[in-house]
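Q: Residue numbers (my numbering), protein chains in the order written: chain A, 1 to 209; chain B, 1 to 209.
Hint data in this document are derived by calculation from the structure and do not stem from the laboratory. Predicted model only: the values in this text are computed from it and were never measured. Accuracy of the hints is not assured; some may be wrong.
Stated by the list, open to error - Computed spacing ranges between beta-carbons, pair by pair:
id : chain 1 : residue 1 : chain 2 : residue 2 : range
1  : B       : Q133      : A       : D93       : 27 to 33 Å
2  : B       : A74       : A       : A38       : 52 to 58 Å
3  : A       : E101      : B       : A74       : 39 to 45 Å
4  : A       : D177      : B       : Q58       : 39 to 45 Å
5  : A       : S56       : B       : E126      : 32 to 38 Å
6  : A       : E137      : B       : S129      : 29 to 35 Å
7  : A       : D93       : B       : A74       : 22 to 28 Å
Cβ atoms here follow ideal geometry from the backbone N, Cα and C, with glycine treated the same way.
There are 2 protein chains.
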Amino acid sequence: MTSERRTRLSPEARRAQLIALGVQMLATQTLDELSVEAIAAEAGISRGLLFHYFSSKQNFYREVVRATAADLIARTAPDPALGPLDALRASLDAFVGYVEENPAGYKSLVRGAAGGDGEMLAIFDETRSALAQRTVEMAEAGGFELPATARIAAHGWIAFAEECVIRWLDHPEVDRDALLDLLGTALPLLLVGAAAGAGAVSALLPAVG
Amino acid sequence: MTSERRTRLSPEARRAQLIALGVQMLATQTLDELSVEAIAAEAGISRGLLFHYFSSKQNFYREVVRATAADLIARTAPDPALGPLDALRASLDAFVGYVEENPAGYKSLVRGAAGGDGEMLAIFDETRSALAQRTVEMAEAGGFELPATARIAAHGWIAFAEECVIRWLDHPEVDRDALLDLLGTALPLLLVGAAAGAGAVSALLPAVG
Chain A
1 MTSERRTRLS PEARRAQLIA LGVQMLATQT LDELSVEAIA AEAGISRGLL
51 FHYFSSKQNF YREVVRATAA DLIARTAPDP ALGPLDALRA SLDAFVGYVE
101 ENPAGYKSLV RGAAGGDGEM LAIFDETRSA LAQRTVEMAE AGGFELPATA
151 RIAAHGWIAF AEECVIRWLD HPEVDRDALL DLLGTALPLL LVGAAAGAGA
201 VSALLPAVG
Chain B
1 MTSERRTRLS PEARRAQLIA LGVQMLATQT LDELSVEAIA AEAGISRGLL
51 FHYFSSKQNF YREVVRATAA DLIARTAPDP ALGPLDALRA SLDAFVGYVE
101 ENPAGYKSLV RGAAGGDGEM LAIFDETRSA LAQRTVEMAE AGGFELPATA
151 RIAAHGWIAF AEECVIRWLD HPEVDRDALL DLLGTALPLL LVGAAAGAGA
201 VSALLPAVG
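Just chain A, with the same shape it has in the complex (with noise of 0.2 Å):
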């Protein structure tokens, strides 16, 4: 224990220090598997001082996911000084790294952590929109025009790109880079297939050679 944990901090502070831990903690371990008791034990107080800051476990596993998704939100956001598709690439990039560093805690996120708690289904949800919002901001910087089917098209590449990564990590198949173009070309194919409707396929199969 130093002595910078035995300080006393502010409640604002001590919140986003135990916060912090839980996120950390998040990445080699599932949400099931992650201990108030080591926590409040790392940060240097008690189980009873933890729960004196979240009302109940549950509270603060929420507070930890919450958190988790802003990080990963962040760590993904698009470089605007990058084109389309190299911006694309570059958040991908940051995407598979993010898994890579936080296997345990971002599986257990992904196959349903939540249970059946409606707030933190809540939270995924919210996330996965940002992600696909964002997503459809960059297409549409990028000079298309997307109609409603492209929107629900974003929204199910985010889940797309979830198993992708997941299904990868568990069947290293195929090396990173070929992970990467497959999620950095099934992006812009689904909006573009979504905008030119059954045509799309036989469009694309001379691609194939």
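Based on the hints, put chain B in the right spot on chain A.
A: Frame of chain A; chain B shown alone:
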């Protein structure tokens, strides 16, 4: 309570009846809302007798989810008499029909009713893998040789379809046919795109006109 329900059933028949009632109730309820009391009452047996057949509530839930997944897989089985694209369309039509009939339960399952339950997660993973594997076989029957990235893409497409349908249920901004077009176009686009690599996007662009 009908006389049929009062009938003494064999253990196998009673288990099957209870699971079928669970599957049926899951249409309009989330897994969390599913009440073993209500199911026992509907079957005309005591709560205690239900626990005689299933060791725990969680165990009963698992069997209900397993049966629900088997039902979904069976109902969306591709018709071998049709060509691959027609079989895909019919399968997607059945899938969307299934979700329309079971919105609450379906959404709760996709959105993480598994919680931290490892066995439940395994059922979900197996179901998605079965659907993805069937998709790969359908494409290969259509004459495509799929590279490893395309097999990852097939898994991703299952998640894409789940997410699009759930988004569409909550925000029905396009009609059912447009949704089916989107889902049915996405799969060959993603598989062909995975095979074509980065050149796929530029090959498709002229199709948008």
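Q: Please go over all the hints and tell whether each is borne out by the structure.
A: For each hint, the structure was consulted:
1. In this structure the supplied range 27 to 33 Å holds for Q133 (chain B) paired with D93 (chain A), their Cβ-Cβ distance being about 29 Å.
2. At about 45 Å, the beta-carbon gap between A74 (chain B) and A38 (chain A) misses the expected band of 52 to 58 Å.
3. At roughly 40 Å, the beta-carbon separation of E101 (chain A) and A74 (chain B) lies within the given 39 to 45 Å, and the hint holds.
4. Between D177 (chain A) and Q58 (chain B) the beta carbons are some 42 Å apart, a value that agrees with the proposed interval 39 to 45 Å.
5. Distance hint check for S56 (chain A) and E126 (chain B): the Cβ-Cβ separation is about 33 Å, which falls inside the suggested range of 32 to 38 Å.
6. Range check, E137 (chain A) to S129 (chain B): about 34 Å between beta-carbon atoms, so the 29 to 35 Å window is met.
7. For the hinted restraint 22 to 28 Å between D93 (chain A) and A74 (chain B), the CB-CB distance of approximately 41 Å leaves it violated.
When each numbered hint is compared with the structure, violations occur for hints 2, 7.
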